[in-house]
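Once you have looked at the hints, place chain R on chain U.
2 protein chains.
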Amino acid sequence: MNSSRTPVLVDCDTGIDDAMALLYLLACPTIEVVAITSVFGNNTAARCAHNTVRVLELVGCGEIPVAVGAEGPLVGPLTYLATHVHGTDGLGDAGLSTTTVAQPSSLTAVELLVQTARQHPGALRILALGPLTNLAHALQAEPELDQLVADVVIMGGAADAPGNQTPAAEANVVHDPEAAAQVLAARWPTTLVPLDVTMTEIVTEGHVAQLRAADKPATRFVAAASEFYFDHYGFSSYGRRCSPCHDAVAAAVLTGDVVPTSFPFIDVQVDCTDGPGRGATICDTRGRYRGFVGTPEGRTRVALRTDGTFPDLMVKRLGELTAVDE
Amino acid sequence: MNSSRTPVLVDCDTGIDDAMALLYLLACPTIEVVAITSVFGNNTAARCAHNTVRVLELVGCGEIPVAVGAEGPLVGPLTYLATHVHGTDGLGDAGLSTTTVAQPSSLTAVELLVQTARQHPGALRILALGPLTNLAHALQAEPELDQLVADVVIMGGAADAPGNQTPAAEANVVHDPEAAAQVLAARWPTTLVPLDVTMTEIVTEGHVAQLRAADKPATRFVAAASEFYFDHYGFSSYGRRCSPCHDAVAAAVLTGDVVPTSFPFIDVQVDCTDGPGRGATICDTRGRYRGFVGTPEGRTRVALRTDGTFPDLMVKRLGELTAVDE
Chain U
1 MNSSRTPVLV DCDTGIDDAM ALLYLLACPT IEVVAITSVF GNNTAARCAH NTVRVLELVG
61 CGEIPVAVGA EGPLVGPLTY LATHVHGTDG LGDAGLSTTT VAQPSSLTAV ELLVQTARQH
121 PGALRILALG PLTNLAHALQ AEPELDQLVA DVVIMGGAAD APGNQTPAAE ANVVHDPEAA
181 AQVLAARWPT TLVPLDVTMT EIVTEGHVAQ LRAADKPATR FVAAASEFYF DHYGFSSYGR
241 RCSPCHDAVA AAVLTGDVVP TSFPFIDVQV DCTDGPGRGA TICDTRGRYR GFVGTPEGRT
301 RVALRTDGTF PDLMVKRLGE LTAVDE
Chain R
1 MNSSRTPVLV DCDTGIDDAM ALLYLLACPT IEVVAITSVF GNNTAARCAH NTVRVLELVG
61 CGEIPVAVGA EGPLVGPLTY LATHVHGTDG LGDAGLSTTT VAQPSSLTAV ELLVQTARQH
121 PGALRILALG PLTNLAHALQ AEPELDQLVA DVVIMGGAAD APGNQTPAAE ANVVHDPEAA
181 AQVLAARWPT TLVPLDVTMT EIVTEGHVAQ LRAADKPATR FVAAASEFYF DHYGFSSYGR
241 RCSPCHDAVA AAVLTGDVVP TSFPFIDVQV DCTDGPGRGA TICDTRGRYR GFVGTPEGRT
301 RVALRTDGTF PDLMVKRLGE LTAVDE
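Chains as they are written, first to last, in my numbering: chain U, 1 to 326; chain R, 1 to 326.
No lab work stands behind these hints, which were simulated from the structure alone.
In this text the structure is predicted, and so the values were computed from the model without any measurement.
Glycine included, each C-beta is placed from N, C-alpha and C at the ideal position.
Any given hint might turn out to be false.
For each label pair, taking beta carbons as the anchor points, the in silico distance ranges come out as [said to hold, decoys possible]:
no., chain 1, residue 1, chain 2, residue 2, range
1, R, Ala141, U, Val259, 56 to 64 Å
2, U, Ser97, R, Ser236, 53 to 61 Å
3, R, Gln103, U, Thr261, 51 to 59 Å
4, U, Gly291, R, Asp312, 52 to 60 Å
5, U, Arg241, R, Pro296, 21 to 29 Å
6, R, Asp93, U, Val259, 41 to 49 Å
7, R, His84, U, Glu297, 15 to 23 Å
8, R, Arg299, U, Gly206, 32 to 40 Å
9, R, Asp257, U, Arg290, 25 to 33 Å
10, R, Ser97, U, Gly291, 36 to 44 Å
11, R, Gly206, U, Glu205, 43 to 51 Å
12, U, Asp151, R, Thr98, 55 to 63 Å
13, R, Thr200, U, Val259, 25 to 33 Å
14, R, Asp257, U, Thr88, 49 to 57 Å
This is chain U alone, in the form it adopts within the complex (with noise of 0.2 Å):
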């Protein structure tokens, strides 16, 4: 391993866009993945870490530690899994083996990740693909915790652009909004990439020729889970077939490979009433009017807009990746 790598450890719910961050992750060459956490969302915690071994033994990173995270909010009982959206194998019944040699670590979730932040004292960054239920207990286990990670990124929330599961409210935040208040007020510094920008990263059909194309397993994997997320948002969101790649686009937010054009630092607060705006991120946005400056209370950067381009840059990335691995 090169030690001048950035470690990143990922907290996520492998599904379909779960596994398009790792595998853009693993094709970066200044970021080293660490370690990985699993939290239910789009499966069970159980399934999702299973996932994440599959996406992991598909380009020969079996070795990364896995770790089975919470299956349930801090909050009440579990009332959903997005298991509709990433299909009956959770990663969109793209023929990706079930099968895996590596099996996940005997660490809980929150003792891989307060372990790990130990050993990169720091340094280590977080990227957040699923609820924050993780974190939030791993902050309860070790208060320091906040002090000990350089950052946390999150794929979470809507600030101006409407919600998913709710009108109000997206998913992951959603799932467990008592913990994403949490992870927002403690002290690391917090980047939220919301569904202003992920929701106009958008994969073609173009993309997924590209990656056919490429004809490596990643590349395979990613076309035909993308043919399947298709199905899903061309229905519900966009009335064409294409589709988001919401945590793909948080991973290179973290990278810097995207950069918002829009990026203010600004107050956000999460609903957590039991009302029609529960699991809402409320963003101070009003500075709009005026450029987004002079808002000395914002604590969390939140990406409002991005250009665009960014699954060009991801398909081409995959296909290094794959090529580099066979």
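Quick look at chain R alone, frame taken from chain U:
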């Protein structure tokens, strides 16, 4: 009076932009302003009724009945009046006479509203420019009111835009969320003209210069009141000397002079919790990614985008109004 004109009742908390809306409507040849009711908001309902009479007499319309309405919300105490936005005299300290010949009606706002609706069955349009308390009280007093009235056009709320009084909520709605919820749930057709459009129809120094050049009582008043408004909005919102003209935009949507370029029927829920989203108008704008087709459950027509040219039209019309009256 020309009986072919459309009868409109204006419910307002006059206010600089309410005054602009009233003057704009009075200048509109297809509209007959048949009654005006006042409500707390920009000031007390009593002061807002007095301000309304001041504006009417400026253009020789003191005969239009004005009734005083609610001095506080349906639920809980009155916590806030926007007096700082509208000046000591409530109309931008723009030199408008504070003595009037006409006086407010001996009827209450609810009595005048119900009486006026009965006089114009199926024809009366309501333009609501303040908290929706009077309309909620009137629905209680006359349960058939929402069948008697043609429709209600509301300046209020925020769809994808941020709020103004809080990050989530616009002032008219947050002043009385329970009333707003009742008004939007009633059977009359409702149109919402939210901050999404009112914050982007901007009165500039150039408009003020045109108003001054017209040199009529109404244009001199609106010019001076706008300058006062600039001081507030330049500092609080835009970072340059200019202002919105919120209520006047709603008036122009009612008349059809402004036809929003995005104007879907969508589902709107008012947040009546005590959480950080209290007073938010949660608009289901998830159809945005497919061009707003297929939201059959949407009952409220929401103005999401206009072209920004309304202040040009307003300035022109106000010049015509005073020319007729002198």
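Hints, one by one, checked against the model:
1. Between Ala141 (chain R) and Val259 (chain U), the C-beta spacing of about 57 Å keeps the proposed range 56 to 64 Å intact.
2. Hint check: Ser97 (chain U) to Ser236 (chain R), Cβ distance near 59 Å, so the stated range 53 to 61 Å holds.
3. Separation of Gln103 (chain R) from Thr261 (chain U) is about 56 Å and conforms to the stated range, judged on CB atoms against 51 to 59 Å.
4. Remark: the range hint 52 to 60 Å for Gly291 (chain U) to Asp312 (chain R) is contradicted by a beta-carbon distance near 24 Å.
5. Range check, Arg241 (chain U) to Pro296 (chain R): Cβ separation about 23 Å, and the 21 to 29 Å hint holds.
6. Distance hint check: the CB atoms of Asp93 (chain R) and Val259 (chain U) are about 46 Å apart, consistent with the given range 41 to 49 Å.
7. Evaluation of the 15 to 23 Å hint for His84 (chain R) and Glu297 (chain U) yields a pass: the beta carbon distance comes to about 21 Å.
8. Separated by about 39 Å at the C-beta atoms, Arg299 (chain R) and Gly206 (chain U) satisfy the suggested range of 32 to 40 Å.
9. Distance hint check for Asp257 (chain R) and Arg290 (chain U): the Cβ-Cβ separation is about 29 Å, which falls inside the suggested range of 25 to 33 Å.
10. Here the CB-CB span from Ser97 (chain R) to Gly291 (chain U) is close to 40 Å, well matched to the stated 36 to 44 Å.
11. The hinted range of 43 to 51 Å is satisfied by Gly206 (chain R) and Glu205 (chain U), whose Cβ atoms lie roughly 48 Å apart.
12. The beta-carbon spacing between Asp151 (chain U) and Thr98 (chain R), approximately 57 Å, falls within the hinted interval of 55 to 63 Å.
13. About 26 Å separates the C-beta atoms of Thr200 (chain R) and Val259 (chain U), a value consistent with the hinted range of 25 to 33 Å.
14. Here the CB-CB span from Asp257 (chain R) to Thr88 (chain U) is close to 55 Å, well matched to the stated 49 to 57 Å.
When the structure is compared with the earlier hints, a violation turns up for hint 4 alone.
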